[in-house]
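**Q** Each chain, letter by letter, is given below.
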Amino acid sequence: MDLNAVLAHPFWGALIRIIIALGFLLSIVPFLIWWERRLLSWMQDRIGPSRVGPFGLLQTICDGVKLFFKEEIQPRGVDRFVWMIAPGIALFPAMTAYATIPWGPNLQLTPVANVNIGVLYVLAISSLGVYGIVLGGWASNNKYSLLGGLRSSAQLISYELAMGFSLGTVIIAAGSLELPKIVASQLEPFWGSVPWLHNWFILTPWGFIGGMIFLVSMVAETNRTPFDLPEAESELIAGFHTEYSSMKFAVFFMGEYAMMLVFSALFTVLFLGGWSPLPVNLTYLADHTSVAWLAGLLRFLESSWIAGFWFIGKLVGGISFYIWLRATLPRLRYDQLMALGWKGLMPLAILNLAAVSIWIAFGIVPGLIAAVAITVLFLLVTMGGLKKFEARSVTLLDEAVPLR
Amino acid sequence: MTSDLFVFWTLAVISVFTGVAVIATKSAIRSALALVVNFFILAMFYFLLGSQLLGIVQIFVYLGAIMVLFLFCIMLLRVGHAEQLTETGGLKLAGAGALSFAFLALLMSQVLEPVSRTANLPDPQSVHAGVSTVEAVGAGLFTRWAFPFEVTSVLLLVGIVGSILLAKRRV
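Protein sequence lines correspond, in order, to chains A and B. Following my numbering from start to finish, the first sequence increments by one per residue and tops out at 404. Following my numbering from start to finish, the second sequence increments by one per residue and tops out at 171.
One chain only, chain A, in its complex shape (with noise of 0.2 Å):
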């Protein structure tokens, strides 16, 4: 049977990638979790684990079958549905908010769906996340677990705007809402000008706003360190799933890994070129050069053979990031937490998208003087705002007054 008859086929060819998407999404998850103490005791100077299996390649299969046998203590009290299914609501954006997200430039093995509010899904997909975490903390009867589950659905709509503003502006400059759309205009010629570079985002003076603002965003939005007030062990044991232990734990975490990977993917086709290698165009290169060997090797690595293994490697920069913030970065206040999302990121990610609506709209030179002066304003207003910042004392007891 033809490969591509299968693959254009509207039942089966969906079916097959959902399976590689699916897979891949499953089979990466206990790796990351490996490189993640394996690259964090690096950091903080350990080993890590190392005896199970190469470099200790099958600890997390091990841990996962350990949690599975796991006696699984319901405490007292709890609301035995809710608490039953919150694990499952929290994995289910993890695993379905990947299928508008490609990884290759072949529309018929990714993305699984390619529908042309390819970004919208994703974000409205992942603001789901926040209802298994919820939901478990409420469940639990447990005071801790309800402030983590409270804390975690304040901390998700603050940070959701400033990311859907840094999207904005990702969306105004490709035009177009469709993932593999985004990926393209990302391959064109840098700033329109220079054809031996490619035009990644994050390599423009918004993009690298935008970026930096879905960075610090995406760490929110998965309550990873600086971020993981829901789960302050110092605060609240261990928030939302104090109580969860076995298997129902095993879920919550593996959703946790799952959503990091799908925010990296995003970050990685909004602004960081999608599957392409390098910024250089090496198509381009392979054309001007006269070494034939060179330029069969520089086609070879821009090919869509091997475009899986350049998201891949991107992802697990991603997921590196987010691993390096865990072991440099402390937990922010909560306070801090707020003023950062709404003083900070929300202002900075308005003012970028009307930069960039104004650059769109009226041509490059209008969209410069408006960027400069935005960007003074900005900066005026936030000094007065940081000293203010510093200058803060937190009066814990006398804040609360009762409601009349």
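Among the hints, erroneous ones may be present.
Claimed, not checked - When the alpha-carbon atoms are kept at most 25 Å apart in a straight line, the in silico DSS-like pairs for lysine-lysine are as follows:
id: 1; chain 1: B; residue 1: Lys26; chain 2: B; residue 2: Lys92
id: 2; chain 1: B; residue 1: Lys26; chain 2: A; residue 2: Lys143
id: 3; chain 1: B; residue 1: Lys168; chain 2: A; residue 2: Lys343
Bear in mind the hints are in silico, worked out from the structure with no lab data behind them.
Dock chain B against chain A, hints included.
**A** Okay, now just chain B, sitting in the frame of chain A:
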């Protein structure tokens, strides 16, 4: 039976079930949870009709923001006393039943006749093909419906300012 019809009936059963669960469960959280699922199925219906943007906006606005706030409030206020939520008055119950039935009859009288003609309707996915894309909706919002759109944003702004004023009256 086409695959679309199969998906529709599967979703429809879940939708009705969760819709009843919203009012039938005694726990406020479970009601909210059933409403979440119901809204999600509604988004699936939009997808089924070929209106991807509307479906995703449904998920975004209702599931991503509004229902999270609902849950947030329910948890924060600790609404959970089932006894207070149980209706005991016999007369009230009968009145409510009669009103519900009347409303159902009204609804059905309008709905049943068009539903019986559905066999002749064109394929919804082809009807909505160009209408519900992001480009079409955006163009509509910023040309023909620009004034209502902007007025709505002013309304929302008033709502935000008002709620801040109510919450921070002393400031």
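**Q** Sort out whether A/Lys143 lies within 25 Å of B/Lys26, counting only the CA atoms.
**A** The hint holds at about 22 Å.
**Q** Please work out if B/Lys26 and B/Lys92 have their alpha carbons no farther apart than 25 Å.
**A** OK: B/Lys26 and B/Lys92 at ~19 Å, within 25 Å.
**Q** Straight-line Cα separation of B/Lys168 and A/Lys343 no greater than 25 Å?
**A** Holds. B/Lys168 to A/Lys343 sits at ~18 Å (cutoff 25 Å).
No hint from the list above goes unmet by this structure.
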